[in-house]
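Kindly produce the complete structure, drawing on both the sequences and the hints.
Protein chains in written order, with my numbering: chain C, 28 to 247; chain Y, 17 to 453; chain V, 294 to 1086.
Rather than coming from a laboratory, the hints here were simulated on the basis of the structure. Among the clues, some could well be false.
Unchecked claim - Reference excerpt, derived from the structure (chain C facing chain V, CB under 7 Å, subset only):
| hint | residue |
| --- | --- |
| 1 | P71 |
| 2 | T84 |
| 3 | P85 |
| 4 | A86 |
| 5 | A89 |
| 6 | A90 |
| 7 | T93 |
| 8 | F94 |
| 9 | E148 |
The beta-carbon is built from N, C-alpha and C at its ideal position, and this holds for glycine as well.
Each chain, written out:
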Amino acid sequence: MSVKAITEEDIKTLETLAAKYPERRSALLPMLHYVQSIQGMVSPAGIQVCAKVLDLTPAEVAAVATFYTMYKRFPMGKHHIGVCVNTLCALLGGDDLWKELTDTLGIGHDETTADGLFTLERIECQAACTVAPVMTVNWEFMDSMNPTLLRDLIDKLKIGAPVQSTRGVQITSISDSQRVLAGINDGKYQESPLADDSMLAGLRVAKERKMSAPVGKGAK
Amino acid sequence: MQNKMALTPVLTAHWDDPKSFEIETYKKHGGYVALKNSLKMTPDEVIGIVKDSGLRGRGGAGFPTGMKWSFVPQNDGKPHYLVVNADESEPGACKDIPLMLANPHSLVEGIAIASYAIRANHAFIYIRGEVPHVIRRVMNAVEQAYAEGLLGKNIQGSGFNLEVVVHAGAGAYICGEETALLDSLEGRRGQPRLKPPFPAVAGLYASPTVVNNAETLASVPSIILNGADWFKSMGTEKSPGFKLFAVSGHVNRPGIFEAALGTTMSELLDYAGGMRKGSKLKFWIPGGSSVPMLTPDHIDIPMTYEDLAAAGTMLGTGTPMMFDHTTSVVKAVTRWLEFYKHESCGKCTPCREGTYWITGVLEKFEHGKGKEEELEVINDVCGQIAGRSFCALGDAAATPFPGAMKYFADEFREATRTSADASFPPSATTIFDKAGV
Amino acid sequence: MTLTSDNKQTNTENQITATIDGIQVQVPKGTLIIRAAERMGTFVPRFCDHPSLAPVAACRMCLVEIEGMPKPQPSCAIPLTEGMVVKTQMTSEVAEKAQAGVMEFLLINHPLDCPVCDKGGECPLQNQAMTAGRAESRFDIEKRTFPKPIELSTEILLDRERCVECARCTRFSEEIAGDPFIELLERGAKQQVGIATDEPFNSYFSGNTVQICPVGALTSSSYRFRSRPFDLVSVPTTCEHCASGCSLRTDYRRETVMRRLAWEDPAVNEDWNCDKGRFAFSYLKTNRLTQPKVRTKDGNQVDALWPDAIDFAAKGLKDAKGKVGVLLGGRLTLEDAYAYSKFARLALETNDIDFRNRVNSAEEQDFLGSVVAGSAGTVTYADLEKAQNVLLVNFEPEEESPIVFLRLRKAAEKGQINIIAIAPYLSRGLEKINAEVVATKPGDEAKVLRGLEIAQDSIILVGERAAATEGTLSAVIEVAEKTNSKLSWIPRRAGERGAVEVGALPNLLPGARPVTESSARSEVGAIWGVNGSDIPSKPGRNHAEIIQAAINGELKALVIAGLDVLDAPDPQALGLAINSVDFVITLGIQENSLTRYANVSLPVAPVTEKSGTFINWEGRPRPFGRAITSTNALTDARVLAMIAESLGLDFGLQTIEELRQELSSFGSWNGNKLVKPTVTAKDSAKTSVGNAILSTWNLLLDDGALQKGEEHLAGTQRPVVAHMSEKTATDNKLENEEKVIISNSRGSITIKLEIIEMVNDVVWIPSNNHDSKVKSKLGAKEGDVVTIKKGSF
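Okay, structure coming up:
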C-alpha cells in the first residue's frame, strides 16, 4: 500500500500546530496525529518532517512516535476498529466480539483486510465501562455491543452505509478522526447523540426518588 | 438523612437537557457566575474557599485541592500553568469522559477559576486521544467561552488573561501520572519524572504547574457559587462534597450516579438496579483496577477516602466495577496484569520486568497450567515491585493479585488443574442473552 | 585574613553530617547518598547511575533504607541531608532485599551468553549477579528475545537482549555530546535503544556509550569478539590525535593494541574521549616501517642494517652541511621535537626548521613565539567551564578539538556562558554550544574582530587556521590586549604545542627564546655544552621558505619527519622540493610516498612503543609511558642521537630520562620575547559571478593518515557536502542537492551542494574527505578565490 506524501501545505499546518504552544515541541503529539491523518500511519518520512519542523533529530521523534499506542508503524485501512478487551469489557462480551470480528474479517490484531477497509486492534479500557462491552470505529464509541450489532456494523461499513456512533459522529474514516486529535476542530460537536441511559441513570433515579443536592446560596 | 440525600446531582443536574453541552444551557443554570464572582475576589480568597470546602482530588489520590493550589510559589516571575488531567484510562474509571461530553463548560469554568487562583495565564486540557467525541465537545466549549469573553484577554474586564489549549494524548495509560503527563505535554515519551522538584515548583516547561483532574476542576464552580459550607454539607468531614460514581459490571442499570461521598456501595447498587437477574455479587472494586478488590461483605462501607482505606482498599476514581458469581477471578486478574504490562512505560526495572513476569505466569494459571508453588513466586514478585518502582503504576500492577489471593486463593489453586474458561464458562459471564443478542 | 581559617569556615557551612550504616559521615551539602556511601567504602550497586550524568533513578538497583521514609529510596538521586540516617544493603535487610529483587528482575530476560559476550569478565551486571543474584532462576516462562545485534552505526552495535534499559547511552548522547541520535524507543517490556530509520548513530563521541554501558549491549565493530578483558594488559596513555590531550587507557595483547578507552581525568577529558581517539589505531599496524632503508647507486631502495643506514645518513648530511632544511609534522612528542630542534642547531648548524606542515605564515611564527611559547596555563579547561564570555576565531571546537567542545558544551548547558564565533556559518558543533556566529568571509576576520563589541576579560580561542588569512592573528592580539582578555591558541595536532615550546621553529629556541637574542643563545648553549655563538643567530627559513629554497637549489638536503605529504599546505610544492634536493632523510612509522622516495628511510617508534609527552593546548604536559615494550622500535630522538654520534657530536639524549632532565633544565626565559606581529590585514578577496571565496577546515573524522585502516570509524564520517548561501547559489545558478564543481588552475573537486544560512560569496568544503581534498586537488587555502559552477551527475 502506497503512503501519501506530506505536502508543503501539510507542513504549513504542522507549523500552525507548533505555534499553538509556548514551546513548539509540545505540538509533537498533535503533529504525529496529523501526519497519521495524512498517511494512515507514522512513516519514517513523517518522522523526518516532524523532526525538521521542531528542530529535533528523527530519533527524538521516533522515540515519541513508538511510545504511544495510537501511532501506527504500518498503514491502516480506511476504518480502525477497536474492541476493548480489558477485564470488564472482555468478560461482559468483548472477548466474544473480538472472536466474531476476527472470524468475520479473517485478520487479527494490528492487521488490515486485503481490501484496505479495516484494521483491527485489541484496545485497552476506553473509559466507557458503564456501556460495556464497548467497541470503537475510528475511535468513535460503539456502546453496549453484541454480536448481532457487530455483524450489522461491519455489513454497513462494507457497503458504505451510514453508521452513527453511539456517542460520537457519523462514521467517516480514521483519517478524519485523527485530524480532530491533531486539534483541528471539524465543528461536528453537535453530531453526537443525546446523553444515553447510562449517563442519565443517576439523574433519573434522583428525580424519581426526589433526591437533590442541597440548595445553595448561588441558586437562581 | 444521608440515605435520603444520597444522590446529589450537581454536575449531572442538566444532562437530560438536549443541549447540555452548549454555553447557553450552562449559563441558563447559573454557569460562569462563579467565574465572575471569583474575578472580584483576590486569587488567595479563591484558594481559601476551595481549601475550606475540603475538596479532594477526584483523580484517585485524593489530595486536597486547595492545598495543592497554595503550593504554587507567588511573585516568582515565572509563568504558571494549569494542566487538566483528562487522561482517564484507569480500568473501570469512566466518569470524566461522560462529564466532558455532557457538561464541558463546568470544566472550562473550573479551569478559568483555578487559573486565576494560581495566577496562571495558560491552561492545557490533556484529554486521552481515544475520545474524539469528547475532544470536539471540549474544543467547542473552549471556543464558545472565548467568544463570550470568558477566556482570552482581559476576561470580563478583570485584567486577567487566560489561554486554553485542548490537547489530545495518543494512547498511554501512564500519562495519567501527572509528571508523565507533563513530559507527554512537552512532546516527549510519557515517562514519569524524578521528584523533587514537584510540579508546583517545576512542572510544565520547568515552571510552577498545578495538575488537576477534570472532575475536580468541574466541581470548583459550584463551590465558589454556593460556598464551602454548602459543599461540606454533603459527604463526611474527611470526604466532603459530591462525586461522580460510575457503577459498571453485572448490574441492571450501569451508569453515572452523582452522590454525596459516604454513600454506601449497597445504596449505589440499589440505584443501579441491583445485580442482574439471577446473579450474586462475587467481588467488586471501588475505584479502578489499581485498588484492591472487596467482597459482598464490604458493600455497606461508606464510599469515602477514609472508610475504604480502613477496609484495606481505596476510593480511587470512585467508579465501582461489580462482578457476579459467573466471573473467573483468575481471568480477571490476568487480564488486568496484561493491561499493566502493556502500559508499563519501561523506565524502571521492577515495573517493566515484574509485569512481564507476573503476566506470563498468570497466563499459565488462566489456562489451568499453573504450579502451586508459582503462586508464592507471583506473590514475591508483587512484593518486589510494590514500593520499589519509580511511580505508582508499579504499585498498581502489584495490587490485583495479592488482593484476589486474599479472598479467592482456592480459585487460583484450582487453576493449577482447570482452566478459567472451564471453571467459569464465558458464555455465562457475558451480558448477551443466549441468542447472542 | 588567613586563607586557611576562611576555608574552614566555608567548609563547615557547606558540610552536613549524617549517618550511613551507623557511621557518622561529613560530606559537602548536595552529595548524593550513593557517593557519600562510596566515600566511606560502601559500594551501593547501580546501573543507571553515572557520576557525570544527571540522576534518573530508573534501574532501582541502588535502593537503600532512609529512616522516616516508608519505602526504600534510590540512593543515586537523593542528596544526603543533615541528620539523615541511611542504611545500605550492609546493614538493612530492606535494602538488601530490594536490591536482590531488582537484580532478579534484571536477570530474568538477560541472555546467558556471558561466555561469548565482550563484556564478560568486566561486566557490572555479571559481577553484581555473582554477589547479589540467586543461584537458580525462578523464572519459568519464555524470555524476551530480539534479533541480534543491530548496527546503530558502522562502529556501534547493539544487542538488545543484553540491555538493562539504564539509558546511560541515550543520556550521554543527549546531555554530554548533544547528539540525540539514539533514543529509547517503544514502551514497557519492549522498550529498547534504537535509532531512527536512515539516521545512524554518527556522533563523534559514540564510543563513550560502549564504555559506559554497564552490560554487553553496546559493542564496537572494531573490538567485538576480539579479546577477553583478562587477556589484556592495560596501560595509561595520552591520545596522539589532537591537542585536547586526553588521558587514555590502552589495552593490548601480544604486542597488538586491541582497544583504547577514555581514562578519567577531571582536569582534562573528564570521563570521555572522541571516537578518533578511541578507534583510530589501526595505523599502528598499517604499512609499518620496521627496517631502515637506503637508496643505492642504482636507484633502488634496499633494507639496511641500522649502523650502515645511520652512517649513510650522516654522510649525506655532512655533504650538504649548511644547506639542510628540517621539515617536521605536528605529531611529534615534546621530547622528539626537542631532539630535532637541538639537532638542527648543533648538527646541521641551521635554524631552517619548521613543524608546521599545514597552512602557516610568517605572522604566525611571530605569534607563536611571542604569545604562545611559555604561556602554559593561560586558559585551562576549568576556565572554559566557568567562563562568562568566549570568543572563537577560526576555530571549530567539535571538529578541531573535541574535548574543548565538550567542555564548552558543558558550560553552555549550565547556561552562564556566552560564546561568539567568527566563522562563515553556524555549524552543528557551534549550534550545540549555543554559539552566536558573526558570519564572516575568510579574509575579513581582522576587520570583523576590530568592529566587534567584545566583553572585557573574555577568553579568546584562536585556531591554527587563523594563519591562513593575513592580519588575523595580529588583530586577535590587539583585541585581546584591549579587552584584557586571555588568549589561547588551539592547534589541531597533538605535537604542535610542544613543538613551539622546544623551538622547532626558525626564529625560536627552546623555552620561548628568540634565536636573535644572544643571551638566549648563551643560555641554550650552556645546556647544550656549546658556546652561544655556536648557535646560528639568524632566523632560519620557515616551511614555505625551506621548500622554495630546496626547489631553487639553495638547500641540498632535507630531513623530513613525522610528516605526510598530503598534510602539507601545498603537496605539489613539497614533492617538487624533494625532487630538487640531493639527499632526503625521512623518519617515520609508516611507509608512504615520502619514505619511498628517501635516500635514507629510518623507522621510528609510534606512541605505543615509546615514552613521551604531548603538551596539550592548555600547555599542560601529558606524559605517557611505553605501552608495548617488546619491539625494538627507536624514538626519533634516539635515531638523531645516533646520527649525531656518527657525525662526531656529543649529542646526549640517549634515554628518555636524559631527555626529560635536559628539557627541565631550561627554566623560564626572562629576556625579550619575540615581537608580537602587527601585520596589516587585507580585505577579503573580491568575487564575481562564477567564483567564490574558499572556506575549509578538517573535519574530526576524515581521511587523515592516522585514521587509515579503520573502516568502521570511517563509516561514521559526516556527509561530504559543500555549503553555500542561498544567494550565492542563486547568483551562480546552483541548486540545493545538486553537484557543484569547485576548481582553480590546479584542479577541481566535484561535490554535492547543501544550501545553508551563511555568509555570501563563500563556498565551504571539508578539507580532506573522500573527493574533497583541498590540498592535493586545489593546493588552496581558506580565503583563496575558487571557481564554482554547476556539476553533472
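Verification of the hints:
1. P71: It holds, given that the least Cβ distance between C:P71 and chain V is near 4 Å, below 7 Å.
2. T84: With a minimum Cβ separation of about 5 Å from chain V (threshold 7 Å), the hint on C:T84 holds.
3. P85: The hint holds - C:P85 has a Cβ within 7 Å of chain V, the shortest such distance being about 3 Å.
4. A86: holds, 4 Å
5. A89: holds, 4 Å
6. A90: holds, 4 Å
7. T93: Nearest chain V Cβ about 4 Å off; hint holds.
8. F94: holds, 5 Å
9. E148: Interface hint status for C:E148: violated (15 Å vs cutoff 7 Å).
Comparing the model with each numbered hint stated earlier shows that hint 9 is the single one that does not hold.
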